Amino acid sequence: MTHPLLVVRDLKKHFPVRAGLFSRVREYVKAVDGVTFSLEAGKTLGLVGESGCGKTTVGRTILQLIPPTSGVVEFEGDDVLRLDRRRLREKRRRMQIVFQDPYGSLNPRMTVQQIVGESLQVHDIARGRALREEVARLLLQVGLRPEVMNRYPHEFSGGQRQRIGVARAIALKPAFVVCDEPTSALDVSIRAQIINLLQDLQAARGLSYLMISHDLGVVRHIASAVAVMYLGKIVEQAPTETLYGNPRHPYTQVLLSAIPIANPRLRKPRLAQATDDSVPSPIHLPGGCPFHPRCPLYAAKGKPAECVTQMPELAPVASQPEHLVRCHFARE
Amino acid sequence: MTLPVLQAPLENGPPLLDVRDLRTYFHTDAGDAKAVDGVSFSIEQGKTLAVVGESGCGKTVTALSILQLIPRPPGEFISGEIHFAGRDLLKSSRAELRALRGGRIGMIFQEPGTSLNPVFTIGAQIGEAIALHRKLPRSQIREEVLRSLRAVEVNDPARRIDQYPHEMSGGMKQRAMIAMALSCNPQLLIADEPTTAVDVTIQARILQLLKSIQAEKGMAILLITHDLGVVAELADDVAVMYAGKIIEKGPVQDVFDHPRHPYTLGLFASLPRIDQKKSRLESIEGSVPAATQFPDGCRFRERCRWAAPQCAAEQPLLPFGDQHFVACWKHEEIARERAAVVELKNGASEG
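Protein chains in written order, with the numbering used here: chain A, 8 to 339; chain B, 576 to 926.
Because the hints were derived from the structure by calculation, they are not lab data.
Hints are not guaranteed to be accurate.
[Said to hold, decoys possible] Quick list of in silico lysine to aspartate or glutamate cross-link-like pairs, EDC-like style, CA-CA up to 20 Å:
| # | chain 1 | residue 1 | chain 2 | residue 2 |
| --- | --- | --- | --- | --- |
| 1 | A | K180 | A | E141 |
| 2 | B | K853 | A | D222 |
| 3 | A | K98 | A | D131 |
| 4 | B | K852 | A | D222 |
| 5 | A | K19 | A | D85 |
| 6 | B | K853 | A | D207 |
| 7 | B | K905 | B | D811 |
| 8 | B | K622 | B | E768 |
| 9 | A | K50 | A | D222 |
| 10 | B | K852 | A | D207 |
| 11 | B | K920 | B | E908 |
| 12 | B | K710 | B | E671 |
| 13 | A | K180 | A | E125 |
| 14 | A | K98 | A | E125 |
| 15 | A | K310 | A | E329 |
| 16 | B | K622 | B | E908 |
| 17 | B | K786 | A | D284 |
| 18 | B | K852 | A | E248 |
| 19 | B | K853 | A | E248 |
| 20 | A | K98 | A | E47 |
| 21 | A | K19 | A | D86 |
Keep in mind the model is a prediction, meaning the values are calculated, not measured.
Based on the provided sequences and hints, a complete structural model is requested.
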């Protein structure tokens, strides 16, 4: 078996909450609380969940844009969290990110050439004419005309700006790109353009993506495997078709059945529903399984004690080693 | 002047809301932005019409025009009639409009966070609407507010009523907005992207809530959205807008089964779905032109792969079949071509 490109083990990020006199740390927000997964070269892992589940923090801690509290991030065989500054900088060439907001993530005072070419300059890869030629090549690859390189971000539409963001991300020929909600700010017709672009680049360059999104349609389309997060933990993980075809965790079921399908014939009574709409605070997590206060299965099983006292393991469903579920009862 | 009698129209009477040839322009330094340019539609009592389209297509301006919540200047109503329960809102006085807003016509906005006033409690804000429109004694208002919170399934309304917006989650705030909009039993609810700012599980609850309240009270809903899933879930009829115009409209099942306009076709083809796997999404090339620079004739023609010289001439929204309308010179030709492609594919997969 080949070694995976990226291995994340028991990744944690706890943000301190300061309060009171002398701003003492009283509590922690457990934004990411023990996340483990791996990603093969050329594949896409979808990371889905609702606002505040910690999916964005996972992406940023992997890239060390925010330092994790603990855990292991192995990328191309090296533990990224234990590299010295120089080696980390080298490593960063291989891991890049595309941000959600194509308006906020491009510096309005830089031209397209400066934005896309900045990393090439920083890493001393190209200068002068060679730099301009490389930027032109990159712009062509993301479907923009090279003539636009002297323009500023405000002169572009949202979709075009996201293309610029993609060109910047692939400039250093990375092996791995975190795509953090890359299409959420875009209209439907433009969204398809960007998804197709990401897929084309993946096919041409063998890129791996961590696709962070709340849009389960987009993730189904682009990902080879999917992990569902709830309150800082992965609650279910499986190959894409398995997850969408046979979701096991009650939260995944609730999430999937909540999505309105663009076909009036499929207007349906919701199969699975949360018993309560309010997501608990990530500071005061409920004991045991964090989903139990909203869980339809917990209610249906007559509120078993282990759901309240014991955190279930993320363990495989019988006879399906690739389908992991964090639930005391959903693996049967 | 005598006011027209305000009463519910009889069965098969005139529609509750009838908008004809509405044109709302904005005068800007870059020229006139024709945000809404000749839009006509109607809604029957108890029905839901969804206006769907991408950013900048004019759907929100259409909704705001009905209650005349457009700042003038720079906005101007160039033409049109908006008949609501028998009177033309564009000819109504300020006082009449004020009585309608939040009274017989309720409105829910996209951002529950910014449309609630942060310095008043939820109870005070809902109570204000009730006091204004229903002339109840003070003692009864609190009771009414509690009733309206219960109607939108707010847990523990006796506690929530005295909370400020920042103490509530996004979903709870949107429920409070809905409670406010419904507190005066409107005949028409205008919902502008009511679920765009909330998570999917909350969205499902809110859509369900709107459906059940509609079934109970029989109000009409004008739903503004960009989400075709939400349209499929809630609407009876759908109007697709592009660049200030309705380019296709009809019963929701008809339009979803047999979209005819190239733009509608493109929207459906570009949608990633959770109920099916597509190998590749079809995208619509290019982007929507700026509202000050709409082309003559069909405004979609620069992005349309079926565009022909005749498309330089304005195409009216014409019916085909019973209630399905489309604004495209070539829709019949396109439909034939698509049918032929499907046949070819089926033939190939059988052979």
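Each hint, compared with the structure:
In summary, the hint linking K180 of chain A to E141 of chain A is supported, as the alpha carbons are separated by about 12 Å, within the 20 Å threshold. Using a Cα cut-off of 20 Å, the hinted pair K853 of chain B and D222 of chain A holds, with the two alpha carbons roughly 16 Å apart. Simply put, K98 of chain A and D131 of chain A have alpha-carbon atoms about 15 Å apart, close enough for the 20 Å limit, and the pair holds. The hinted pair formed by K852 of chain B and D222 of chain A meets the criterion: a straight-line CA distance of about 14 Å does not exceed 20 Å.
Distance check on the hinted pair: K19 of chain A and D85 of chain A sit about 19 Å apart at the alpha-carbon level, within 20 Å; holds. This hinted pair checks out: K853 of chain B and D207 of chain A have alpha carbons roughly 15 Å apart, not beyond 20 Å. Pair hint K905 of chain B plus D811 of chain B does not hold up; C-alpha atoms about 26 Å apart against a cutoff of 20 Å. At roughly 17 Å between alpha-carbon atoms, K622 of chain B and E768 of chain B fall within 20 Å of each other, so this suggested pair holds.
A distance of roughly 19 Å separates the Cα atoms of K50 of chain A and D222 of chain A; the hinted pair therefore holds under the 20 Å criterion. Taking the CA atoms of K852 of chain B and D207 of chain A, the gap is near 17 Å; set against the 20 Å cutoff, the hint holds. Note on K920 of chain B and E908 of chain B: the hinted pairing holds, with a Cα-Cα distance of about 19 Å set against a maximum of 20 Å. Proposed proximity of K710 of chain B and E671 of chain B is supported: the alpha carbons are some 16 Å apart, at most 20 Å.
Proposed proximity of K180 of chain A and E125 of chain A is supported: the alpha carbons are some 14 Å apart, at most 20 Å. With a CA separation close to 17 Å, the supplied pair K98 of chain A and E125 of chain A stays within the 20 Å bound. The hinted pair formed by K310 of chain A and E329 of chain A fails the criterion: a straight-line CA distance of about 29 Å is larger than 20 Å. With a C-alpha separation of about 33 Å, the suggested pair K622 of chain B and E908 of chain B falls outside the 20 Å cut-off, and the hint is violated.
Simply put, K786 of chain B and D284 of chain A have alpha-carbon atoms about 18 Å apart, close enough for the 20 Å limit, and the pair holds. This hinted pair checks out: K852 of chain B and E248 of chain A have alpha carbons roughly 9 Å apart, not beyond 20 Å. Restraint check: the Cα-Cα separation between K853 of chain B and E248 of chain A comes to about 12 Å, which is no more than 20 Å; the hinted pair holds. Simply put, K98 of chain A and E47 of chain A have alpha-carbon atoms about 17 Å apart, close enough for the 20 Å limit, and the pair holds.
In summary, the hint linking K19 of chain A to D86 of chain A is supported, as the alpha carbons are separated by about 15 Å, within the 20 Å threshold.
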